[in-house]
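A.B. asks: Sequence:
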Amino acid sequence: MASVQGATSAAIAESIAAINSGPALEGDERYCWVCFATDEEDKWAPWVQPCNCRGATKWVHQSCLQRWVDEKQKGNTFKRVSCPQCQSEYIIILPSMGALANVLEGIDTLIKRISPFLTAGVIVGSVYWTAVTYGAVTVLQTVGYEEGLALMERAEPIVLLIGLPMVPVGLILGRMIRWEEFILRFLQTKSFSVRKFPMLSLLLPISNMDYDPLYGRSPLSGDANGGTPPAANPLPPGTVVTSDPLSATRVLCGALLLPTVSSIVGRVFFDSIRNNFQRVLVGGFAFVVVKGVLKIYFKQKQFNRKKQRRILDYTEENKQKYGIGHVPEGDVFHF
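Here full-length UniProt numbering is used: the sequence shown runs in plain steps of one and ends on residue 335.
Source of the hints: derived by calculation from the structure; they are not laboratory data.
There's no promise every hint is true.
Stated by the list, open to error - What follows is a list of derived Cβ distance ranges for each label pair:
| # | residue 1 | residue 2 | range |
| --- | --- | --- | --- |
| 1 | V124 | A37 | 50 to 56 Å |
| 2 | W44 | I111 | 37 to 43 Å |
| 3 | R178 | R113 | 42 to 48 Å |
| 4 | N102 | Y145 | 58 to 64 Å |
| 5 | V127 | V268 | 30 to 36 Å |
| 6 | G125 | Q85 | 44 to 50 Å |
| 7 | C35 | S126 | 47 to 53 Å |
| 8 | Q87 | I123 | 37 to 43 Å |
| 9 | R80 | L118 | 23 to 29 Å |
As the list claims (entries may be wrong) - Simulated crosslink set (DSBU-like; lysine-lysine; CA at most 35 Å straight-line):
| # | residue 1 | residue 2 |
| --- | --- | --- |
| 10 | K74 | K43 |
| 11 | K58 | K74 |
| 12 | K306 | K319 |
| 13 | K43 | K58 |
| 14 | K307 | K291 |
| 15 | K321 | K307 |
| 16 | K321 | K295 |
| 17 | K74 | K112 |
| 18 | K301 | K321 |
| 19 | K319 | K307 |
| 20 | K306 | K321 |
| 21 | K58 | K72 |
| 22 | K79 | K43 |
| 23 | K43 | K72 |
| 24 | K72 | K112 |
| 25 | K58 | K79 |
| 26 | K79 | K112 |
| 27 | K301 | K291 |
| 28 | K307 | K295 |
| 29 | K301 | K319 |
| 30 | K291 | K306 |
| 31 | K295 | K306 |
Glycine included, each C-beta is placed from N, C-alpha and C at the ideal position.
Construct the complete structure from the given sequences, taking the supplied hints into account.
C.D. replies: Laid out in structure tokens, this is it:
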């Protein structure tokens, strides 16, 4: 949009008069492509030919085009607007508002442009100082109030400004390391054999991966008559069904609550350790290990249950045995 702010009111009036007095083409009735009105329907409406279009689309009402330009500009009076057909840029002129109004308009435009950056800066600053505060509270909680306060007083300001916000960042990154999944993948692959670790099978619900629970034998060993059993194992070899999608809220809450939980576990189970930092460290390590072992046990149980899943025949006996009610024929889902 080519905008000329220095035009006077007289020049604007002359331009409008020239537009209104422009004659229509002989034998060709003018047709507004916005409201679809003609000369006969609206005889007093001013017309304008704002682009290089030819034929029926070259004429448009001045008022209709003004509304259409307002829609395209969306409050930005300096936005360029072009014809949707021939892509010619409209020549739009703006009258001068005076020196004071021009200054106010410039200030308003500047504020609109820098507001997104200021908002982003406020958000980033808020997150940063929240991380600094959390890091300071964590230091006081793990080291001890007096020791932690003395430690931060002796430290350089630049070290505190960089080190304290790294505390929650490090906790979140550490929480994202899913070491339980690596152990589960090792336990659920064909390369792992229970025979090599007999004591481990007593602690965890680990079954031999070469054993197919549907047939009571190895799927590669064949049946009693020497034939090959049907390939009906519900899970393909090497399939891991215990991986959960990474939840951002769960990771964030688990990471930020870890120092508090570690402090509580240390005070309850390791109260004999006098050093507060060592007690919190041991409590956190014990909590992470125990939680990981319980998660491995739970996920392995889920894996074994999924591996032994079967789909039964839809018979009256099975419906009565497993409490399946009558389903109308029209509601049966076919896969």
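A.B. asks: Now tell me, hint by hint, if it's right for this structure.
C.D. replies: Status of the hints after comparison with the structure:
The given range of 50 to 56 Å is respected by V124 and A37, whose C-beta atoms sit roughly 53 Å from each other. Taking 37 to 43 Å as the suggested C-beta distance range, the pair W44 and I111 conforms, at roughly 41 Å. For the pair R178 and R113, the beta carbons lie near 44 Å from each other, so the given range of 42 to 48 Å is met. Between N102 and Y145, the C-beta spacing of about 60 Å keeps the proposed range 58 to 64 Å intact.
Take V127 and V268: their Cβ atoms lie about 33 Å apart, and the range 30 to 36 Å holds. For G125 and Q85, the Cβ-Cβ distance of about 48 Å falls inside the hinted range of 44 to 50 Å, so the restraint holds. Under the hint 47 to 53 Å, the C-beta atoms of C35 and S126, about 50 Å apart, fit the expected range. Against the hinted window of 37 to 43 Å, the Cβ-Cβ separation of Q87 and I123 comes to about 39 Å, which satisfies the hint.
For R80 and L118, the Cβ-Cβ distance of about 26 Å falls inside the hinted range of 23 to 29 Å, so the restraint holds. As the CA atoms of K74 and K43 are separated by approximately 30 Å, the hinted pair is consistent with the 35 Å bound. About 24 Å separates the Cα atoms of K58 and K74, which keeps this hinted pair within 35 Å; it holds. Distance hint between K306 and K319 is fulfilled; the C-alpha atoms sit about 21 Å from each other, no more than 35 Å.
This hinted pair checks out: K43 and K58 have alpha carbons roughly 18 Å apart, not beyond 35 Å. Our distance criterion of 35 Å between C-alpha atoms is met by K307 and K291, whose separation comes to about 24 Å. For the suggested pair K321 and K307, the alpha carbons sit about 22 Å apart, so the restraint of at most 35 Å is met. A threshold of 35 Å between alpha carbons decides the hint, and for K321 with K295 the separation of about 33 Å falls inside it, so the pair holds.
Taking the CA atoms of K74 and K112, the gap is near 13 Å; set against the 35 Å cutoff, the hint holds. A C-alpha spacing of about 25 Å is found between K301 and K321, which places the hinted pair at or below 35 Å, so the restraint holds. At most 35 Å may separate the alpha-carbon atoms for a hinted pair to count; K319 and K307 meet this at roughly 23 Å. Taking the CA atoms of K306 and K321, the gap is about 21 Å. The hint holds against a cut of 35 Å.
For a cut-off of 35 Å, the pair hint linking K58 to K72 stands: about 19 Å separates their Cα positions. Of the supplied pair hints, the one linking K79 and K43 holds, its CA atoms being roughly 31 Å apart against a limit of 35 Å. Straight-line distance between C-alpha atoms of K43 and K72 comes to about 27 Å, which keeps the hinted pair within the 35 Å bound. Straight-line distance between C-alpha atoms of K72 and K112 comes to about 18 Å, which keeps the hinted pair within the 35 Å bound.
Distance restraint check for K58 and K79: the Cα-Cα separation of roughly 22 Å lies within the 35 Å cut-off, and the hinted pair is therefore satisfied. For the proposed pair K79 and K112, the alpha carbon gap of about 14 Å is at most 35 Å, so the pair holds. For a cut-off of 35 Å, the pair hint linking K301 to K291 stands: about 15 Å separates their Cα positions. Pair hint K307 plus K295 holds up; C-alpha atoms about 18 Å apart against a cutoff of 35 Å.
With a CA separation close to 27 Å, the supplied pair K301 and K319 stays within the 35 Å bound. For the hint pairing K291 with K306, the CA-to-CA distance comes to about 22 Å; that is within 35 Å, so the pair holds. Of the pairs offered as hints, the one joining K295 and K306 holds, with about 16 Å between alpha carbons and a cut-off of 35 Å not exceeded.
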